[in-house]
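Colleague: Respectively, the protein sequence lines represent chains B and Y.
Each residue of the first sequence is one higher than the last, beginning at 0 in numbering that gives the first Met the number 0.
Each residue of the second sequence is one higher than the last, beginning at 0 in numbering that gives the first Met the number 0.
Calculated directly from the structure, the hints in this document are not laboratory data.
Source: prediction; values computed, not measured.
There could be a bad hint or two in this list.
Copies of the same chain look alike in the list, so a pair counts if it fits in one copy or across any two.
[As the list claims (entries may be wrong)] With a straight-line Cα cutoff of 30 Å, these simulated DSSO-like cross-link-like pairs (lysine-lysine) come out: (1) Lys-240 x Lys-342; (2) Lys-342 x Lys-273; (3) Lys-336 x Lys-164; (4) Lys-342 x Lys-2; (5) Lys-273 x Lys-263; (6) Lys-24 x Lys-263.
Number of protein chains: 2
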Amino acid sequence: MAKDLDTILHSREADFQSDLIDWLKIPSISSDSRHTQDVHAAADWVVEKFRSLDLEVELIPTQGHPLVYAQTPPVPGAPVVLVYGHYDVQPVEPLDKWVTGPFEPDVRDGNIYARGATDDKGQVLTHIQSLAAWRETGQPLPLQIKYLIEGEEEVGSENLQQFLKTESERLACDVVVISDNSQLGDGKPAITYGLRGIIAFELHVDGPARDLHSGSFGGALANPANVLCRMMSELIDAEGKIQIPGFYDDVRELSDAERAQLAKLPFDESRFAKQVGVDALVGEPGFTTNERRWARPTLDINGLTSGHQGEGGKTIVPSTASVKFTCRLVPDQNPDKIAEVVKERIAAICPPGVRHRLEVGHGGGGMLASIDSPYMAAAQQAIQRSFGVTPFLIREGGSIPIVAEFQEQLGAECLLLGWGLDDDNAHSPNEKFCLADFHRGIRASAYLWEELAAKS
Amino acid sequence: MAKDLDTILHSREADFQSDLIDWLKIPSISSDSRHTQDVHAAADWVVEKFRSLDLEVELIPTQGHPLVYAQTPPVPGAPVVLVYGHYDVQPVEPLDKWVTGPFEPDVRDGNIYARGATDDKGQVLTHIQSLAAWRETGQPLPLQIKYLIEGEEEVGSENLQQFLKTESERLACDVVVISDNSQLGDGKPAITYGLRGIIAFELHVDGPARDLHSGSFGGALANPANVLCRMMSELIDAEGKIQIPGFYDDVRELSDAERAQLAKLPFDESRFAKQVGVDALVGEPGFTTNERRWARPTLDINGLTSGHQGEGGKTIVPSTASVKFTCRLVPDQNPDKIAEVVKERIAAICPPGVRHRLEVGHGGGGMLASIDSPYMAAAQQAIQRSFGVTPFLIREGGSIPIVAEFQEQLGAECLLLGWGLDDDNAHSPNEKFCLADFHRGIRASAYLWEELAAKS
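Looking at chain B on its own, in the form it has when it is part of the complex (with noise of 0.2 Å):
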């Protein structure tokens, strides 16, 4: 006889756990030339899981790192949802500021800690073992679900993009659910309708052809490092509004009726900032923190890199200096538009006696979402059953490009469900997950196949 759904998304918590920790192992860094088979690896692992399911699964190479399809049979009359995430991880540096190593997850505080636990191996897991669970039930799925995992995400999602141009018809759905981003708080579930777009951006500034003697030659020729810090700062003023002409145009502005929803959001400025660790919150003028981080594009440098950075002093007036920089974006704002604008005003400020190079790296545009689709609806009902309080509705600052084009190219609605929290340290030392949300999310998501095909 057909097993309960509960009691087996009970009892197989451990084996849920022990599946995300292999995972976890798998040092999947995109970015790193170095870890290529480490990535592949992180496929073949999500690639076996599925076949363990009984899925039809495919892994599809592309011109960088693979991806890895699957599918339920298909089920007359319910929708079709399409589950995205991604098997690729962010860099690890600083090393030495993890407490335990970045690939060997250690459980600390009902928290387990990893490189890729939150971001997104451990929520994109949840909507696997949500289908583990069903499958034991004994009971047919209520409606077909197809899986496309990526391990490009943290460097652009480029492939993929592609491969939507080309296979929207495979991938066609109704619904797009995706699990890579926060809840409002602990305790604090929330659907994300609206995401910021990004477009990144690599600055090289080259003098002269060598480093240089700064006693010898400083004063006599412009200083690449001096250059470069200038112009940065001419980008955007000190409160934070960027000074690219044209880099507004296209904004969409918050309605004043999104602002007071926004506003009534559970949410303690100062508790925040105790928590970044910061004395003061410091941004756009006219705009509150949640504004700021979730509907105003921003200009944030990512890194800096310049002559001598060893031990001790070395005088030089160094040959090259550089800046990698990122602007998250909102809706409306078109990446494209936004590097052409970069580019011009970079030029424009660019001074004689240097050279510059500007690199243009992934972008991708900002997301809004219907909030009251039916299957925004589904997925509220699914969080309320698991997590026992009605979700919230909210914006995040993060982008993930692809959900504009899942948007465009298979006119899909997309449903963000995340699991994690503000503090998992997303892109920084020290990652984790909380256990508890892993297990909530993967009971949501087995509730979410149901509510899904109710609204059918």
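Since the structure of chain B is provided, determine the placement of chain Y on it from the hints.
Modeller: Chain Y only, in chain B's frame:
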């Protein structure tokens, strides 16, 4: 019977050169604690060299790297010369830019390539080999020579400064001879009568307690790297004028007479620009290139460090950013006073939302020597005899902080006899020293002992 000095100088060239190669093989990088033993080995090498010339020699321990002191017997009625130099060298990165290993001396096109070749092992050795030549003549040395060779010139000579304060009697002399800088150009020997001072800084700007996801947090708090770039851009303007109240207060301005004399020096701006590999020479308005690098103060960034520097991208708000920078000073600017005004300025411009830490490093004043002393005349004749041309009188942009101390503590004149060239890549990859200049330097040094004795 006594041998002829010129004959010996000529016949010993191969031996002089092989000594240099031995010394250059020792990686005596004083700023890098991993090389402490090598630094000591370089000191031992010169101790042995002095022993082989039957000098009284002493290895003097300090809180840092040891001093090497040696002296020839007193010569009543003759002047006493103190030869100063250093056996420590600069760091060597970027290693991949060296054609041959920095500590594998290689002779190419009449130059010897190695870290320390020109700065300063190759140059100070000329004054030791000149003594070796004199010794071989069997003739008595016409004056007393004291040698003081230190191992901390590249890190500020702090322990030597202490030593000078307590040992001025032992070091008592009429003139200090230093070869640690450059000629005006190839075939243009020069005596340097002016040097710039220096003061070094390292500024850290600290923001969030850890690197943060630039999506979830970007825009909501001050980015330490953005702030660092802005702060540096506020310390010096686009034209190279330093924007620090009080910075220029004590600057000794160039006299019209000196500006006219400097303008007469053979100097080809476009050749200079080509030599350093820039399209345009940029600097403080109203001054020539030589004035800018020899007689005007500077603020040059030596290194920038923040966030992600590896391959690919990392979308973070870095928790911290740091910059190493040095100010070159001109005569009458006091390094301690400059440190104070820089501190005040940085504290004044550090914005809310970040914390800053300013470390003040090694410093030293500038120097201006009398250009019509008998010692200067003796040096001009010695160089004329060896190089076959009259030396130019120039200033230099580099700093030998200890020179100001010699003048102050010993009341002695300083003769800066640079045998190097501006394109010797001191402090850069592929540092070199012209072997012809090495031997001309030895010869000039040998003549200098005669000429100085004749002036007394």
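Colleague: Indicate which option fits the pair Lys-24, Lys-263 if close means a Cα-Cα distance not exceeding 30 Å: within, between, both or neither.
Modeller: Answer is neither; intra-copy 41 Å and inter-copy 70 Å both fail.
Colleague: With 30 Å as the alpha-carbon cut-off, assign the pair Lys-273 and Lys-263 to within, between, both or neither.
Modeller: within (21 Å within a copy, 63 Å between copies)
Colleague: Taking 30 Å as the upper bound on the Cα-Cα distance, should Lys-336 and Lys-164 be classified as within, between, both, or neither?
Modeller: For Lys-336 and Lys-164, only the intra-copy Cα distance (21 Å) is at most 30 Å; the inter-copy one is 65 Å.
Colleague: Using 30 Å as the alpha-carbon threshold, which applies to Lys-342 and Lys-2: within, between, both, or neither?
Modeller: For Lys-342 and Lys-2, neither the intra-copy (60 Å) nor the inter-copy (72 Å) Cα distance is at most 30 Å.
Colleague: From the Cα coordinates, with 30 Å as the cut-off, is the pair Lys-342 and Lys-273 best called within, between, both, or neither?
Modeller: between (37 Å within a copy, 28 Å between copies)
Colleague: Give the relationship of Lys-240 and Lys-342 under a CA distance limit of 30 Å: within one copy only, between copies only, both, or neither.
Modeller: For Lys-240 and Lys-342, both the intra-copy (18 Å) and inter-copy (28 Å) Cα distances are at most 30 Å.
When the structure is compared with the earlier hints, violations turn up for hints 4, 6 and for no others.
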